[in-house]
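J.: This is what each chain is made of:
2 protein chains.
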Amino acid sequence: MTAPRLDVLGFGNAIVDVLARTEDDFLLAHDMRKGGMTLIDEARAEAVYAAMGPGVEVSGGSAANTIAGVAALGGRAGFVGKVKDDGLGSIFGHDIRAAGVAFATPSAADGPATARCLILVSPDGERTMNTYLGAAQNLSPADVDADTVAGAAITYLEGYLWDPPAAKEAFLKAAGIAHAAGRTVSLTLSDAFCVDRYRAEFLKLMREGTVDLLFANEGELKSLYETADFDAALAQLRQDVRRAVVTRSEKGALSVSGSDLVEVPAHPVERVVDTTGAGDLFAAGYLHGHAQGFAPADSLKLGALCAAEIISHMGARSERSLKDLAQENGLRV
Amino acid sequence: MTAPRLDVLGFGNAIVDVLARTEDDFLLAHDMRKGGMTLIDEARAEAVYAAMGPGVEVSGGSAANTIAGVAALGGRAGFVGKVKDDGLGSIFGHDIRAAGVAFATPSAADGPATARCLILVSPDGERTMNTYLGAAQNLSPADVDADTVAGAAITYLEGYLWDPPAAKEAFLKAAGIAHAAGRTVSLTLSDAFCVDRYRAEFLKLMREGTVDLLFANEGELKSLYETADFDAALAQLRQDVRRAVVTRSEKGALSVSGSDLVEVPAHPVERVVDTTGAGDLFAAGYLHGHAQGFAPADSLKLGALCAAEIISHMGARSERSLKDLAQENGLRV
Chain A
23 MTAPRLDVLG FGNAIVDVLA RTEDDFLLAH DMRKGGMTLI DEARAEAVYA
73 AMGPGVEVSG GSAANTIAGV AALGGRAGFV GKVKDDGLGS IFGHDIRAAG
123 VAFATPSAAD GPATARCLIL VSPDGERTMN TYLGAAQNLS PADVDADTVA
173 GAAITYLEGY LWDPPAAKEA FLKAAGIAHA AGRTVSLTLS DAFCVDRYRA
223 EFLKLMREGT VDLLFANEGE LKSLYETADF DAALAQLRQD VRRAVVTRSE
273 KGALSVSGSD LVEVPAHPVE RVVDTTGAGD LFAAGYLHGH AQGFAPADSL
323 KLGALCAAEI ISHMGARSER SLKDLAQENG LRV
Chain B
23 MTAPRLDVLG FGNAIVDVLA RTEDDFLLAH DMRKGGMTLI DEARAEAVYA
73 AMGPGVEVSG GSAANTIAGV AALGGRAGFV GKVKDDGLGS IFGHDIRAAG
123 VAFATPSAAD GPATARCLIL VSPDGERTMN TYLGAAQNLS PADVDADTVA
173 GAAITYLEGY LWDPPAAKEA FLKAAGIAHA AGRTVSLTLS DAFCVDRYRA
223 EFLKLMREGT VDLLFANEGE LKSLYETADF DAALAQLRQD VRRAVVTRSE
273 KGALSVSGSD LVEVPAHPVE RVVDTTGAGD LFAAGYLHGH AQGFAPADSL
323 KLGALCAAEI ISHMGARSER SLKDLAQENG LRV
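Each protein sequence line maps, in turn, to chains A and B. Quick note on our numbering: the first sequence kicks off at 23 and runs consecutively. Quick note on our numbering: the second sequence kicks off at 23 and runs consecutively.
Since the hints were derived computationally from the structure, they do not count as laboratory data.
Note: identical chains are not told apart, hence a pair may lie in one copy or across any two.
Simulated crosslink set (DMTMM-like; lysine to aspartate or glutamate; CA at most 20 Å straight-line): (1) K273 <-> E292; (2) K56 <-> E148; (3) K345 <-> D47; (4) K56 <-> D146; (5) K345 <-> D146; (6) K345 <-> E45; (7) K345 <-> D46; (8) K56 <-> E272; (9) K226 <-> D262; (10) K226 <-> E248; (11) K195 <-> D234; (12) K56 <-> E240.
Build out the structure end to end from the sequences listed, making use of the hints.
T.: See the structure below:
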């Protein structure tokens with residue numbers, strides 16, 4: 023096994039977020055499930071955009087946010103995802119490269135437009151996402167470069183990739199290459215309703231060892247095991263995957279591996295402005311710590327710190343230097 | 023004179039801002055004047071964009087920011103400015119309408135792309151702007167609807183409109199219609215270097231009474247009278263225009279009219295994140311107060327409050343409800 027050339031390589035839907043503040047009445051009136059992610063078609067995307075308030079456009083995508091966070095912490099990071107050669111596609115490509123991430127997936131010359139996620143942010147900071155996948159659903163196994171994957175210490179995959187069928191194939195191809203090269207494969211469950219759509223498949227990935235390191239929040243974990251009992255779900259989780267990291271919003275986070283359990287509190291935040299990207303950035307901190315050989319407690323702390331930065335402003339890409347923030351908090355990244 | 027149908031109608035360059043954090047070294051390396059606004063061509067716009075960090079896209083434009091602020095305070099607001107029928111043009115049109123502003127200027131079907139302003143935000147919150155005017159420079163007298171202008175209590179014009187020649191004609195046409203209908207004409211000097219380009223013309227507008235209400239910051243005022251002596255500049259200003267509002271960053275703001283002078287302190291801000299739009303939103307608060315018949319001191323206070331909200335986050339459109347903020351601070355808007 024050669025020394026890795028990348029710390030973390032992420033695969034995900036390449037999405038530009040359009041964020042707008044909203045009152046909860048708007049969610050009700052438009053039949054949206056607060057806090058969730060719903061896939062929408064182009065017509066619905068246009069109707070929601072026309073109805074929503076003034077927006078802020080920021081590159082997004084769950085795994086892409088995570089990877090940008092890893093790069094912001096000083097990690098060597100790469101991303102694989104599909105955009106179209108259009109206005110939002112240029113924005114996505116510019117932003118991820120400008121974040122210091124290697125991004126070489128060719129843009130689609132035709133077909134559907136670059137994916138966008140219309141995000142309604144409630145007064146309490148909770149975000150409700152409406153995703154038009156567009157070009158992102160055409161990510162395919164041909165976009166998986168074997169050398170790049172084999173050279174990454176961790177290949178990080180988002181559960182949302184299970185929605186577009188070709189992307190699922192790309193996911194499995196990447197996982198196979200990573201394991202053949204002796205690397206770590208990590209998965210985030212993405213969303214409780216995503217788990218609901220693919221529960222059996224996700225459990226199979228975990229139980230068969232396709233996934234070594236799992237990320238889930240409390241809602242996703244309960245959805246995975248179809249229980250309201252967190253402790254019961256956690257006990258099951260320990261059986262099913264080598265290592266898992268579970269985030270619990272203001273209750274903090276924990277990691278489990280066999281009989282080991284490590285917990286950290288949430289990092290205090292003055293005012294929660296927008297929770298978009300909280301889980302993504304938690305994963306960034308943890309993955310970066312893990313890749314640097316941190317103890318689980320320190321990786322969790324770094325995750326909590328990155329999540330706290332992200333929820334204190336609009337958008338899921340950091341506004342402060344995550345590296346400085348880590349150092350101010352005694353973590354040498 | 024009939025009752026106005028709009029409180030404030032703004033004319034300005036219709037621009038989408040692309041904001042990115044930067045270190046001051048970047049400004050030096052790219053020969054940028056910190057804190058200023060520089061007009062750039064398309065080639066330079068592409069080169070700067072390629073070199074700058076990950077961006078946040080938010081609708082901008084000085085007068086457009088002001089008008090969006092007036093609407094956010096509950097004022098009846100309209101905007102006139104030119105975009106192209108492209109991706110950024112759709113974003114601009116969506117955002118200003120979603121802010122509650124009447125916006126009916128037809129988009130250009132061909133010609134240069136929608137204007138963008140590449141804004142580099144320094145660690146101290148100061149912003150350095152690089153503006154590619156594109157479609158905005160094709161705003162022309164044909165875009166000035168006489169009924170709309172005659173129905174607005176205040177017509178608000180940005181000094182930046184003096185850069186594109188057709189827009190300057192549109193500006194003068196609007197001012198003429200407004201005065202013929204017995205309305206108020208207001209101008210912001212926009213930028214010290216803009217003043218430097220058009221000093222004689224701006225002074226003529228003031229001295230001939232084309233402008234009734236002037237907005238300037240300290241740097242613009244000193245540039246106008248080519249002096250480093252603030253008090254001397256202020257004494258001249260009192261001679262030259264019916265009423266003027268001068269903002270002085272952390273030193274507060276004042277308004278003068280003949281021998282009257284009213285001063286207010288700056289509204290305290292916990293952390294200055296990005297000063298983009300500070301002057302624009304100050305003008306929004308003042309104009310809205312003025313249109314509601316507030317005493318000058320209260321209009322200034324409202325201006326200071328709106329400016330404080332804007333500089334506490336990235337971007338020049340409000341993230342909090344300005345109406346709520348005003349009410350929390352004892353101003354009934």
